[in-house]
Amino acid sequence: MQNAVIGREKEWAELRPASVKKRVMVIGGGPAGLEVSRVAALRGHEVALYERSGELGGQVLIAAKVPTRQEIAGITRWLALQVQKLGVDIHLNTEVTPQIVERENPDAVVVATGSVPSSLSVPGATSQNLVDERSVLLGKAVSVRRTHNAVS
Numbered sequence: 001m002q003n004a005v006i007g008r009e010k011e012w013a014e015l016r017p018a019s020v021k022k023r024v025m026v027i028g029g030g031p032a033g034l035e036v037s038r039v040a041a042l043r044g045h046e047v048a049l050y051e052r053s054g055e056l057g058g059q060v061l062i063a064a065k066v067p068t069r070q071e072i073a074g075i076t077r078w079l080a081l082q083v084q085k086l087g088v089d090i091h092l093n094t095e096v097t098p099q100i101v102e103r104e105n106p107d108a109v110v111v112a113t114g115s116v117p118s119s120l121s122v123p124g125a126t127s128q129n130l131v132d133e134r135s136v137l138l139g140k141a142v143s144v145r146r147t148h149n150a151v152s
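Using full-length UniProt numbering, you'd call the opening residue of the sequence shown number 1 and step up by one each time.
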C-alpha cells in the first residue's frame, strides 16, 4: 500500500488548508513520520522532520531486506520524495532532546518513533541465546535455516 487514499477518495481526497499555519516538529522518519509530515505540509504547516539515523524509512528499510519484500521500500521512497518536494526541513542523524524541542519551540510535536521489539518470556530464553529477526535482517546474526533459529 503506497497511497492510503485509494478506496477512500470521497472522505480523504480533499485536504483543506489549515486555518492557522503552525510550526510542526515530527520526530521519526519512518512511514508514519513521513506521512504526517507530508499531510501537515500539504495543509500549509511549516514542518521539520527529525530522524535519529542517517536514512529515512524506519522499519520498512528492515522489512525490505527480505528478498520477497524488497518492493515495500517503495513506500518510503515515495513519501521521502513527497516531503522533499513540499519543502519539509529534514534533519538526519539527529536525536531529538528536550533542549532541541525547547530551542525550536514548535507549536506541535508529533512523536512517530516506531515500535520496540517485545521480549520472549520463555524459561531459558536470555538475550545471549536469542536474536530477533531485525538483528538477522540487519546482518547482526546468522540465520540457521533448518531449525528456523538465529545465532549470533
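These are computed hints drawn from the structure, not numbers from a lab.
Glycine residues also receive a C-beta, built at the ideal position from the N, C-alpha and C atoms.
Fair warning: there could be bad hints in the mix.
As the list claims (entries may be wrong) - Using 25 Å as the maximum straight-line C-alpha spacing, the simulated DMTMM-like pairs for lysine to aspartate or glutamate come out as follows:
| no. | residue 1 | residue 2 |
| --- | --- | --- |
| 1 | K65 | E46 |
| 2 | K22 | E35 |
| 3 | K65 | E11 |
| 4 | K65 | E133 |
| 5 | K22 | D132 |
| 6 | K22 | E133 |
| 7 | K21 | E11 |
To be verified - Simulated DEER-style distance windows between Cβ atoms:
| no. | residue 1 | residue 2 | range |
| --- | --- | --- | --- |
| 8 | E71 | S19 | 18 to 24 Å |
| 9 | I62 | E14 | 19 to 25 Å |
| 10 | Q84 | R52 | 15 to 21 Å |
| 11 | K85 | D132 | 34 to 40 Å |
| 12 | D89 | S115 | 21 to 27 Å |
| 13 | A108 | G139 | 26 to 32 Å |
| 14 | P123 | R43 | 49 to 55 Å |
Would you list, in rising numerical order, the hints stated earlier that this structure does not obey?
-> 1, 3, 5, 6, 8, 9, 13
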